[in-house]
Each structure stands twice: as structure tokens, then as C-alpha cells.
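> First to last, the protein sequences are chains U and A. Residues 45 to 262 in this note's numbering are what the first sequence spells out, letter by letter. Residues 503 to 754 in this note's numbering are what the second sequence spells out, letter by letter.
Treat the hints as calculated values from the structure; they're not laboratory data. Beta carbons: idealized from backbone N, C-alpha and C, even for Gly. Wrong hints could be hidden among the right ones.
In silico DSSO-like links for lysine-lysine, alpha-carbon gap of 27 Å or less [said to hold, decoys possible]:
| id | chain 1 | residue 1 | chain 2 | residue 2 |
| --- | --- | --- | --- | --- |
| 1 | A | K522 | U | K161 |
| 2 | U | K180 | A | K665 |
| 3 | U | K180 | A | K629 |
| 4 | U | K180 | U | K256 |
So the derived label-pair ranges between C-beta atoms look like this [said to hold, decoys possible]:
| id | chain 1 | residue 1 | chain 2 | residue 2 | range |
| --- | --- | --- | --- | --- | --- |
| 5 | A | K691 | U | D259 | 31 to 39 Å |
| 6 | U | N196 | A | P680 | 40 to 48 Å |
| 7 | U | G252 | A | E708 | 45 to 53 Å |
| 8 | A | V518 | U | D259 | 42 to 50 Å |
| 9 | U | V87 | A | K530 | 43 to 51 Å |
| 10 | A | P680 | U | K257 | 33 to 41 Å |
| 11 | A | E708 | U | I88 | 49 to 57 Å |
| 12 | U | V91 | A | K691 | 50 to 58 Å |
| 13 | U | L51 | A | N643 | 48 to 56 Å |
| 14 | A | S638 | U | V91 | 49 to 57 Å |
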Amino acid sequence: MFTTVTLSLLDGFLGTLRLFALTLLFSLPLGLIISFGSMSRSVILRVPIRFIIWVIRGTPLMLQLLVIFYGPGIFLGRNLWGSGSGGRFMAALVAFVINYACYFSEIFRGGIQSISKGQYEAAAVLGLTRTQTFFKIILLQVIKRIVPPVSNEVITLVKDTSLARVIAFYEIIWEGERFIKSSGIIWPLFYTGAFYLIFSGLLTLMFGFIEKKLDYFR
Amino acid sequence: MAILEVKDIKKNFGNVEILKGISFDMEKGQTLSILGSSGSGKTTLLRCLNFLEIPDDGEITVNGNVLFDGSCGNLSDSELNKSRLHFGMVFQQFNLFPQYTALENVTLAPELLDKNRNRQDILEEGKVLLEKMGLSDRMNNYPHQLSGGQQQRVAIARALALKPDILCFDEPTSALDPELTGEVLKVIKELAEQHTTMIIVTHEIEFARNVSDEILFMDGGFIVERGAPAQVIDNPENERTKKFLSSIHRKA
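Produce the complete structure using the sequences and hints provided.
Below you can see the structure in the form of C-alpha cells.
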């Protein structure tokens, strides 16, 4: 029984991992773009973007999942996501990417704005272009400062993926819960916790390693 | 011919007039010190020369090339970058790049500005500059491993690496512990002896007297007195200059 449960939980965990990895892959760069928008001098850009960030951070991810999954069907009259598990995954991914990109953008904005004006001025008097200044001077200092808050978000994301079950996205808790109905046993549900713990433990180690790697400067 | 001609520079921040029309010129190889109380506009003047602030009006000419002319409208980023390279800048707060070693701080800009140049040459030049600053054993240290005085000397080497026509110092020792100011003032004095063209904004009156060919005294956005150190510091004519100097002497 243990092996059966383990195998089937692993299968569910694969779904969790897929959503986790792809969300990170898209939301980190999108978050950077949004953070530039939210710092833009142009009001036309800044105000709408800050409004979106407010809405996304101010409403539950669970609700956003539902709106993104059912919204197109209701408002456009057709189901954008198609039927089947592929469509549900896409809808979940879009909701997660938008949500996490907004959170990341605020972390990036904080990191970028915490770099002293003197760094920009020193780069300017040395004749560096804006692009050179950002990539050669600013970026690494920002990364160093945002590793702790980003690691927080990433670990939250591991656990947030379980929210996607609200649109019937197949992940590990879904799988664990199935055993209650099919076999009348509850321990597989608790067992899923071990998967989360081990995975977030690995992430903690990885972020600790990155922090150490960036320890050579202040 | 003057290496630098500044004509009627004006700068406002909001409704506050910081520079109300500054004009002066200087010869190549000269050291010019700018004295004045806080708020007199001396740092703003230096920042205008480096285009960290864009003057509202006036004209800046280096070696006969007009870099800025109040009527020339908005300068593009690339024009600004080119104009800036005539000036070097050493900041009060050093502003070294923390993720780079002392040597990398010095060589970064030369490498980025001219990708065709031999890296080895740039590296050698960087090492020579740091040796001149007395930092031959500190080249591979990161800024946080250096004392304030050492950091400021790296910053001077970094500014010199681009061979600016005029090197500007914005209160280079104001952020330093008193026991560390000497080592920085010493290298600036050496640069003066080698006829590096320099503009120094400073509160170190004695140092300004020793090192400068000429002194400008600024007050309320104007240059109120200008002349040789002996004249401006020892025999000031202007009331404001007298008051400022006597307040400094009282403190000392």
C-alpha cells in the first residue's frame, strides 16, 4: 500500500512541480518588466500598472484562479482554455504567473530603489550608458538584496500551487485526498506534507547557497 | 587658452535659485579650490560641470569646444555621456562599486567605453594608477575591506583612469574620520604638483591654501571673491568671505 501511495503521490507532485517551475520561469522576468513600469516616469504607464498590482495583491489567488478560468466563458462567450486537463493547467499557469509577477515586481522595485543614487551618479560620470549601468553596476547589488524576500515568495509558491485544485488542476493534495474516498485511509493526505517539507527544505538550502555566494561584497 | 570657461551658469531647484550666474575660467594644469558655506551652491556648480545637474542657462566650454549652451535645448543621453568624459568626479561618499575589487573599479569604465582596447593595457594602467595612490597591496580587495581613506584613493584612481581634462572633487574628505583625511589630501597634493587640472570643493581651508593656484569663494549662488590663496584667505575683501573664514578659524 505504501508503495502504491508513494507512486501516486509522486505522480501528483509532478503536476505541482510543473506548475511551480513554469510559474517561476515566466513570473520572474515579467515581474522585472512590471517593476520598471511601476517606476516609470510616465503616468500613463505607472498608474495603470500600480492599479493592477493593487488588484492582484489585494484579492485572493483562489479568486483570481476562478476568474481566469471561468471569466472567458462568461464574458467572451467561449471557453478560451479548451476542455481537458491541458486547458486547466494553462489557466492555472496564467493566474499564477500574473499573481507572482506582481509580488515579484514589488520586491524588485524595493531592491532597485534601495540602491543609492551615488551608484548611478558614479556610473554616469564614468560615461556608462543606462543599460551598462543597470547590468554592470545595479543588477547584482539588487539581486543580493532581494534574495531573502524572493526565497520567501518562492517557498510560498510551492505551497500555493495546491490552490489550483479549485479549478480541478491535478496536483499532489488532490491525489492524496483521493485515497480517503477510494480506500478510506487518511494518512496519504498527511504524507503529502512530507513532499512539501522536503522540497521547501531543498529550496532553503539552495537560497542559502546563493546568499553565501553573494557574500563577498557588501 | 583657457582649458575651462564657464559663463553665467544658472540653476534653480523649483523656486529656489541655487546658482545665480557663475562665470570663471581656468588654465590647464591649475588647481582651483571653491570655498563657501553650505548652501552657497558650490557642490551644485560641480555637479553642473559633470552634467549630473543640467544648468538652466549659461555656457560651458572645454578646450574651446562648447559642451553646453543654455540655448541648445535638451541634450541626448549619448551627448551627455560624451561631454561628461571631459570631467572626472570624486564624490564625498566615494561611491565605489561594491561588487568589484579596487582594480576592477578602476578598469571597468575604460573596458566598457572602448571594447577594442587591449584588456592587458587597461589592466596595467589601472595597476600603475593604484600604485600611484599607494594601494599596490590593496588592488584585489573589495571596497568593504578598505578604510574610507583607501576607498577615496581608489575613487581618485578610477576617475583618473579615463584621463579627464579636469578632475573635480566634491568635499573629498568630508566623509572621512579625521585621522584618514591626511592620506587623501596627500595624493591630491601630489596630483597638483604634477599639474593635474583640478577643481576642489572643500572645507579644508589650510589644505586649499597649500594646494591651490586660485581660490573662488561662493556665497548665495554667486562667486563673491576670487584670487590667489594668500589674497582670498589671508586678506579677504568681501564681508561674507571674512565672516566665513573667521567662523572657520574660531572652530579650529
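> Under the constraints set out in the numbered hints, which ones does this structure not fulfil?
Of the numbered hints, all hold.
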